[in-house]
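K.L.:
Just so you know, the protein sequences line up as chains A and B, in that order.
Position 26 of the first sequence, counted from 1, bears residue number 26 in the working numbering, the numbering being contiguous throughout.
Position 127 of the second sequence, counted from 1, bears residue number 127 in the working numbering, the numbering being contiguous throughout.
By construction, these hints were calculated from the structure, which means they are not laboratory data.
Check before you lean on any hint, since a few could be wrong.
Stated by the list, open to error - Derived EDC-like pairs (lysine to aspartate or glutamate); straight-line CA-CA distance at most 16 angstroms:
1. K498/A <-> E98/B
2. K498/B <-> D429/A
3. K498/A <-> E87/B
4. K427/A <-> E274/A
5. K82/B <-> D69/B
For reference, the chains in residue letters:
Protein chains: 2
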Amino acid sequence: MILEPILIDGGWESADSPVGSFQSVNPALKASLPEAYPVSSLKDVERALAAAHQAVEQLPALPVGVIADFLDRFAENIEADKAALVETAHTETALPREPRLASVELPRTTDQLRQAARAVRDRSWCMATIDTRTNIRSKYAPLGAPVAVFGPNNFPFAFNSCAGGDFAAAVAAGNPVIAKANTGHPGTTRLFAEAARKAIQASGLPRAMVQLIYRLRPDDGFRFVAHPLLGATGFTGSRAAGLKLKAAAESAGKPVYLEMGSLNPVIILPGALEERMDQVVDEFFNSCTTGVGQLCTKPGLIVLLDDARGREFCGKASRFFEEGASGVLLGEDGPQNLAAAIETMTSHGAEPLVGGSSFDAPGYSFQNSLLQVSGGSFLANSGPLQTEAFGPVSLVVKARDEDELVKIVEKIEGNLTGCVYSHSAGKDDEFYNRIEPLLRRRVGRLLNDKMPTGVAVSPAMNHGGPYPATGHPGFTAVGIPASMLRFAALHCYDNVRKHRLPMELQDKNPTGQMWRSIDREWTQGDI
Amino acid sequence: MILEPILIDGGWESADSPVGSFQSVNPALKASLPEAYPVSSLKDVERALAAAHQAVEQLPALPVGVIADFLDRFAENIEADKAALVETAHTETALPREPRLASVELPRTTDQLRQAARAVRDRSWCMATIDTRTNIRSKYAPLGAPVAVFGPNNFPFAFNSCAGGDFAAAVAAGNPVIAKANTGHPGTTRLFAEAARKAIQASGLPRAMVQLIYRLRPDDGFRFVAHPLLGATGFTGSRAAGLKLKAAAESAGKPVYLEMGSLNPVIILPGALEERMDQVVDEFFNSCTTGVGQLCTKPGLIVLLDDARGREFCGKASRFFEEGASGVLLGEDGPQNLAAAIETMTSHGAEPLVGGSSFDAPGYSFQNSLLQVSGGSFLANSGPLQTEAFGPVSLVVKARDEDELVKIVEKIEGNLTGCVYSHSAGKDDEFYNRIEPLLRRRVGRLLNDKMPTGVAVSPAMNHGGPYPATGHPGFTAVGIPASMLRFAALHCYDNVRKHRLPMELQDKNPTGQMWRSIDREWTQGDI
Chain A
1 MILEPILIDG
11 GWESADSPVG
21 SFQSVNPALK
31 ASLPEAYPVS
41 SLKDVERALA
51 AAHQAVEQLP
61 ALPVGVIADF
71 LDRFAENIEA
81 DKAALVETAH
91 TETALPREPR
101 LASVELPRTT
111 DQLRQAARAV
121 RDRSWCMATI
131 DTRTNIRSKY
141 APLGAPVAVF
151 GPNNFPFAFN
161 SCAGGDFAAA
171 VAAGNPVIAK
181 ANTGHPGTTR
191 LFAEAARKAI
201 QASGLPRAMV
211 QLIYRLRPDD
221 GFRFVAHPLL
231 GATGFTGSRA
241 AGLKLKAAAE
251 SAGKPVYLEM
261 GSLNPVIILP
271 GALEERMDQV
281 VDEFFNSCTT
291 GVGQLCTKPG
301 LIVLLDDARG
311 REFCGKASRF
321 FEEGASGVLL
331 GEDGPQNLAA
341 AIETMTSHGA
351 EPLVGGSSFD
361 APGYSFQNSL
371 LQVSGGSFLA
381 NSGPLQTEAF
391 GPVSLVVKAR
401 DEDELVKIVE
411 KIEGNLTGCV
421 YSHSAGKDDE
431 FYNRIEPLLR
441 RRVGRLLNDK
451 MPTGVAVSPA
461 MNHGGPYPAT
471 GHPGFTAVGI
481 PASMLRFAAL
491 HCYDNVRKHR
501 LPMELQDKNP
511 TGQMWRSIDR
521 EWTQGDI
Chain B
1 MILEPILIDG
11 GWESADSPVG
21 SFQSVNPALK
31 ASLPEAYPVS
41 SLKDVERALA
51 AAHQAVEQLP
61 ALPVGVIADF
71 LDRFAENIEA
81 DKAALVETAH
91 TETALPREPR
101 LASVELPRTT
111 DQLRQAARAV
121 RDRSWCMATI
131 DTRTNIRSKY
141 APLGAPVAVF
151 GPNNFPFAFN
161 SCAGGDFAAA
171 VAAGNPVIAK
181 ANTGHPGTTR
191 LFAEAARKAI
201 QASGLPRAMV
211 QLIYRLRPDD
221 GFRFVAHPLL
231 GATGFTGSRA
241 AGLKLKAAAE
251 SAGKPVYLEM
261 GSLNPVIILP
271 GALEERMDQV
281 VDEFFNSCTT
291 GVGQLCTKPG
301 LIVLLDDARG
311 REFCGKASRF
321 FEEGASGVLL
331 GEDGPQNLAA
341 AIETMTSHGA
351 EPLVGGSSFD
361 APGYSFQNSL
371 LQVSGGSFLA
381 NSGPLQTEAF
391 GPVSLVVKAR
401 DEDELVKIVE
411 KIEGNLTGCV
421 YSHSAGKDDE
431 FYNRIEPLLR
441 RRVGRLLNDK
451 MPTGVAVSPA
461 MNHGGPYPAT
471 GHPGFTAVGI
481 PASMLRFAAL
491 HCYDNVRKHR
501 LPMELQDKNP
511 TGQMWRSIDR
521 EWTQGDI
């Protein structure tokens, strides 16, 4: 069997002593695709790390504009290759070509790369801080070692390990990336890697700035993230895999940034249902089933009062779930994982209102599923009832009264997002004020009157949150420039001679535009 | 035996079911002090955590000015209690009353608390970021859970778990602190806790904002930092203890910030010795022996060329070490720990030039010690030869030539600081340029022509660095406001109604002075 080559040090090379192979699967047809990809041995990891270290040696001598040029060219190459990318991603993931892949996710991806390019040119991301009294100066700088990126299955473009948010952040911060493809879309990732390779050549970046391997055995993955030559890891995926990588990386003192899934609780206060029941039901259903529910910010937990309107909400939502079309899941594990999650919930008191099973179809499928549980059962089994079901599934928790609803919120684990819907004229405000402080510290992004799906690439975004949604409550995986700080080290210069300072810390502002904190004042000026 | 009480929820209370007791020792006399302190059981930890959570519930409703008032009053109370603090710390640590304790460390401590108070009032620390186009707003906020602070033995004031840098940063960021006293100076810490308790009462902060326990069995310490009710941990101390706490905290997903020691390599290029040999020797000796060498930034590793001037440097430095007075070490473990570290070095090729032993004296003592090793031996045993000797001890590595010196720098582990001394007129600049990128990524603070001791409390300071000097390369333990970010969570508000936004994210600038990033521009203005 001929195995697809991996990208090492600027060249497409055969894997060295692969330990296996795999094919990706067209989930719409449950059919293996023809290409076979290697499961790399640690030899490939070591080759990539060694090459990346040569890039690390070369980078300080290059003007930062070269990285920005690369990011812009890469975005252009992606656009030029759009047809093939969309077709390949559609085949590997069953996500719709339009609007999702071609008109939503691809433009988001290139926009993110261009935002990263602007951040590199602007340089304000590095938070240059100068204390003229002591002549101490500091800024964030590249890690001085490559970054490993493990991308998720659900965004073959925007979170791709070789083109997505972690990739853009790590490269823009000045680090070589070693991408580990998601095994659900290796062909898509290969196209990105080739587009990156060409952009590297054209921009003059070191060849090993972007490298690609497809798969590792779990133990080799742990060795990779703990390797002495690695700088840090960005991971988006399941909690089970994430926690194992976390333990491996941290035991070696390596930073690891994880986005591990989230239930994204939505608290619907009675006034919102009194005022705009149908709108809330509609927004909930759409948010829960967009992308066949396979979004990290899908609302998987609804909390409301078990009163007449709360029950009416369940009834109306059930009809939406019943009647709504259900799409094809990303992979063959989808149906069984969903069934297992639902089994965990039902064996702890949850009751299916709609759906709950996979069904016979050409592609991997699962019914739109809505479950409910009493507040009492939730409080008694809040751990298992917070099992993530990565698909079009949500659990409604019906609280007996306001006090029980508050207790339910107090049991919510760390999440990426939390929403509160409330009456627009303030009827729920007292109740909101009881809930907000409790929910606030459990989530990274707090929303009002809006479902959590749709993560804007904004400098104010936080796509992060408390453990176990992520591994650290202070960092975001989305949003330029904040996401870049994950892949940076704080570099301080104390009494360093002026001509030896990096450009960003010299007396003269290097661009005339860069924001710096000089003696505690943010300024674009010189010293 | 009557055990000193611990500070729980605003009151001095008996330890609940203590599992042992300890006394501190006057190191100048090798004599136990009369007071006995409890080794707390987990019950005290649980009491403190529960009380701290009540404080967490109360804090959001308080104006931030209350925290600032507390910090200022605490600084005043410390000044009012200066005589007792200095006397107690002198008795417990043998550090000189003057100038060290009374005129250097105490003013540094109160200045740090007042800087923290100013940061609280100024609010710019929270990095408010507003994107008006998407109406997404974010800022750093308290963790919503208390912070555990474990202080080191060597700065009874400035790094005290109940008054020092981690304490000030955690409180200023809005978190209750549970201080675990360093067992070398429990009496000093108790005085701080009492001064804090009074300041809490006067300012109106929740009673449990500051609590104190003295000691835990190691396993209970691990349970403490991993406890579900804990937010994060700040630790300053030995690598051995730090790594164990790190593993415990991280296995539970709890952030832990560690400052675990450092060799602080100083690379002395030939031009510096040609130009100002005596000055460099003098600076080195003073930096190495200040505080009896028990500083986290003590220069413990000197790298220079094995040429006539390099050897002259060793000879001159040896005379300083030989003739210089040696002070009293902080504790009874000091002499044996130093002897063990030196034994590790000598058994891997290092040769003592001066000292190397403890000696008979009324207090815990160790000779000023200088060792040397060839570059070749260092390269062959770079691990053991980078053993920290926490005392007046340094190792000179003599490189055969420039290439070997470069290889030595490539073997240096992560450190807090790294210095390069070079010729002032540029004679060494080519050599400097070879070394700088290698050293830069191994250290948090890079210095020129200046020894690393003396860590200014500056907004541009980085008292941090790559693992294993710390647990994360992106954070500093010293410097307001940057050190506060360790004890903060990123809070994003998406479509949250304006009147529900925290003050710092409302359209109107809450102080007219606070710096905010609005649509990528830093401004003190309103929206």
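K.L.:
So which hints don't hold here, by number, going up?
P.N.:
1, 3, 5
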